[in-house]
Structures are given as C-alpha cells and as structure tokens.
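Chemist: Chains R and Y, in that order, give the protein sequences. Just so we're aligned, residue 355 is where the first sequence starts under my numbering, counting upward by one. Just so we're aligned, residue 2 is where the second sequence starts under my numbering, counting upward by one.
Don't read these hints as lab results, they were simulated from the structure. Do not take every clue at face value.
[Said to hold, decoys possible] BS3-like, lysine-lysine: derived pairs with alpha carbons at most 25 Å apart: (1) Lys-450/R <-> Lys-231/Y; (2) Lys-231/Y <-> Lys-196/Y; (3) Lys-196/Y <-> Lys-161/Y; (4) Lys-397/R <-> Lys-423/R; (5) Lys-423/R <-> Lys-381/R; (6) Lys-397/R <-> Lys-161/Y; (7) Lys-450/R <-> Lys-265/Y; (8) Lys-196/Y <-> Lys-423/R.
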Amino acid sequence: MEVARFWRTRHQRYQLVGEVCPHCGTKIFPPRDVCPACEGEAKTPFTFSGRGEVYSFTTIHSAPAGFEKYVPYVVALVRLEEGPLVTAQLTDVEEKDVYIGMPVEMVTRVLREDGERGVIVYGYKFRPRLLQPEPQPQRELEAAAMA
Amino acid sequence: MREVAIIGIGQTPVGEHWDRSLRVLAFEALSAAMRDAQLERIDALYVGNMLSGELTGQEHLGALIADFAGLRGIEAMKIEAACSSAAAALRVGYIAVAGGIHDIVACVGVEKMTDQQGSVATSGLATAADAEYEALHGLSFVGINALLMRRYMHEHGYKKEDFANFAINAHRNAVNNPNAMFPYPISAQQFAEAKPIADPINLLDSSPIADGAACVILAPLSMAREFTDKPVRVRAIAVATDTVALHDRRDPLYLEGAAISAQKAYAAANVGPSDIDLFELHDAFTIMSALSLEAAGFARRGRGVALALEDEISVRGRIPITTMGGLKARGHPVGATGLYQVVEVVQQLRGEAGANQVPNAQLGMAQNIGGSGATVVTTILERI
C-alpha cells in the first residue's frame, strides 16, 4: 500500500479513533461518516478505550502475499466495549489459549513491512487484557505489614 | 418489460488449464453456447470476471473477448462484483433484454487463477474484503469464513464434523459431471482428517482455486423457440448488497444481503422456498452453504447444518443443492462461478443432468455470493 494511504488512516490505526453519531449516540469504528444505525451524518471523532472481548478467531496458515513470513498468526473479530466489532490480529498469546469471550486490550504493533526499503506499517493488535492490581482492603495491608 | 429466456449454454471443464489463456477459455464457453443456440451473431457481450487485472495484468475484457471471438464491433463490457461477478453480468444482460435494448445477449463468466502462485491468488481473493480494515490485518478470504464458522459452531452448538455432508454430497454429485474439477467421492473420515487451512476450516470445507468459463445466452421469451426446443424462462434475477467488511454487519451470522436478494427474487417470481426444486448455492466453504440455506428461507437460523446432517440436500432430498458438484467439487473459478451455477440449473430444467437429474425439476434457483455476503445475486429459472 502507499504512503499517503497509510498516513490518511493513522489516527484509526494508532489510536482507534472512530466516530460517535451526534443524532443517536452510536459509536462507530472504523469511521464511515454515515451512522449505520440511524443513517444520519456522523463525523464527530471518538477515541475508543481499546478494551473488548474476542467474538471469533482463527489461525492463518496460508497467508496473503506480504504476510507469509508471519504465519501462523491469529486473527480475531473483537467486540469493543463501546459496541463495534473490529478485525485485528491477536498478539502475545498462543492460539490454544484463545477463547470466545476472552477479554483483550489494544496495543500498537508492526502490521507488515513492504520489503527492506518500503513502509513499515504500524497499527492495532489486541492482547489478553493484563490483570489490573486489585485494590486490597486496608486491614489486610496492615496485617501484611505487621507480619 | 419483456419476458426473458435462456436459449443457449456453454462451459469449459473446471481445472488447472495451463495450456489455455483467459481469452481462449472465454471463447470456448461462448462458442459452445452460440452453437447450442445455433447463433452466428449476438448483439452484446457482458463478461463477468473478478481477478484478471490482479492475476494476469489484463483488464478491458469486453473488447478483448469480443475481438478474439470474431465479434468485433458489438457492445461488450466487463462486470465486476467479486465472487458474484458472473451472476452480476447475467443481471446486466437481463436488464438489456428485458428493457428492449438488445435481443440476443451473451453473458460469459471467466477466471484464470492458476497462472500465479497460491499467495498471489490468496491476496487477489482478499480484494473482495475491505482493504483498509480487513486485508491490512492479514485476514485472508478463508480466514473470514473461519471466523464465521467458529462463531456459528459456538452459538448453535455444532461440531466440526457436522459440516461434512455438505462436502460429501458435493463430491458425490461431481462424479457424474464431466466438467467437474474433482469428480471423485470423499468419505467422512477423509473430511475429519483433512489438512487445516484456517481453523476450524480444513481443506475439504474449501472450494478450490481454478480456471474456467461458463456462458449463457439470453433472448426475449417471444423469440426463444426460433433458437431452441428447450428454452428456460428467467422468472427472476435480483441483486442485493450488504457491508463489505464482516465486522460492519449487524449480525455476522445472518447474511442479510442474501436474504434480501432471495426475498426480492421470490417476490418477482411470485414463489416461495417450498416451490423450488433445486438450489445451486454458493458453497465456497461449508459454512456458506449453511448460512445461504438459512438466508434463502430453506432452514431456520442455526438449522442450515441440520439439513445436511439429515441428508435433505442430496439429489433426491427435500432441497437438492450443488447437484453437479457445487463450488466445492465442480470447482470455483471465482468470476465465472455464478454462470456455472446457472448453466447447471438450466441442465436440470432441460432434463440434461444425467445421473444427477432432479426428478420433475420445474423451478430451479441459483445464488451467487460476492465476498462474505456483500453482493448477492439470486436467479430463479423455470422449465417451460
């Protein structure tokens, strides 16, 4: 693909910037300018949280040209927290550990390279959501400190 | 509007034709159809093709094939709608004849895929998907169908082997089709042990990359008997669309474009699914057979696979499908497939389907699906 084409879609690929419909509130990704729910004009930018869960997934063994060196790789449909489905690769995980409903979060990675002198295309992939440290009750912290 | 009939059909065998070019294949199918209708001239030629630019560096197929066939001077154009290009070309031909623009129109679907290695054909096929939001992530066309199949199994509780009979039935029927690419039977065990392509899809869920060409010649119904004793009437041909990207669908497991296209065709023909004697569906992958049966009203949602499990899809079943091998075993030269389907329905309605003849076939339907369901063409034909 061409430099200008990558440049045009940089906000979507680096930050998951889509749109929100000013008429009905539907969150839209990828941006499409016409709301798929109410068909009103929707050009208000909206940045997605990047959190979602796996809706379906597969492993690609026979890759399209340009992706041969990455096989096997896992591609998924991810249901974003805000509603839309998005197509993306899963990363930092083996296929055998992936399941429908698995919580995932967006990260930025290399999508492909166009040869030695071509463009390196970065964009979103999703990895298993990292566990957030649970806020521990004060009493237990004190007990731990005393032990 | 004028009533339209099919007065001639032609096809080449489907396969790896290393000895024949795209224009030669198209000419073979076209001249076979013209012989079938005893024609020397036609008024217009519409060429269905998806990948000639991508795979052979050749566009401008209308003029190319018209000239090669000795028809220089006539109206000729290429029609592209991904895997539904051939049926889309038939739709354009139908509009021309029904609208009184032309009398004798040839629609030829042609694809030449085996001049390139597999990965080039794979990325060519991926151009049916959304280049910026699907293909950029390395998603192949098989991959899209694998996403659908896994979700379908998850939601409806089917196992992988439940899909086997779609492939077994197609191969059984291909045995009696001299134009089929894979004219041999397969067993449930072979299906279970087939090589994975994109899990859960394996080799025997998938239709093959192939070369081939098929042709149909249209004329006003009022003139049809000047050319043939067995004209077939076009009761309806309807096109509908859906989102190109799978992730943009309201419900990925419901082929809304296929449903709208089928409903439009049923309404135009004034018939329903129970009137259809055979259905040439778009079995690019076994999951597409299930979704197509559901969208066209032959099964409730989640029950398309059950039709295969209960063997209702064989030539003598309740709704025979892929009666000459389907995309799976006849082969899937993508931009030609929609006209192979229509040619096979015509064979059935003329009573020329040999060992695979559906008894008393009066009404036949074909459904050609582009991409993962973004363009769908449904054609209903009648024996007269």
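Chemist: Is Lys-423/R within 25 Å of Lys-381/R, Cα to Cα?
Modeler: 35 Å, violated
Chemist: Please work out if Lys-196/Y and Lys-161/Y have their alpha carbons no farther apart than 25 Å.
Modeler: 13 Å, holds
Chemist: Hey, Lys-450/R versus Lys-265/Y, does the alpha-carbon distance stay inside 25 Å?
Modeler: 43 Å, violated
Chemist: Does Lys-397/R pair with Lys-161/Y here, judged by a C-alpha cut-off of 25 Å?
Modeler: Not OK: Lys-397/R and Lys-161/Y at ~43 Å, beyond 25 Å, violated.
Chemist: Is Lys-397/R close enough to Lys-423/R, meaning Cα to Cα at most 25 Å?
Modeler: 38 Å, violated
Chemist: Given the hinted pair Lys-196/Y and Lys-423/R, is their Cα-Cα distance within 25 Å?
Modeler: Holds, at about 20 Å.
Chemist: With a cut-off of 25 Å on the C-alpha distance, tell me whether Lys-231/Y and Lys-196/Y pass.
Modeler: Given that 25 Å is the threshold and the Cα spacing comes to 44 Å, the pair is violated.
Chemist: Does Lys-450/R pair with Lys-231/Y here, judged by a C-alpha cut-off of 25 Å?
Modeler: 56 Å, violated
The structure is inconsistent with the numbered hints 1, 2, 4, 5, 6 and 7, although it conforms to all the rest.
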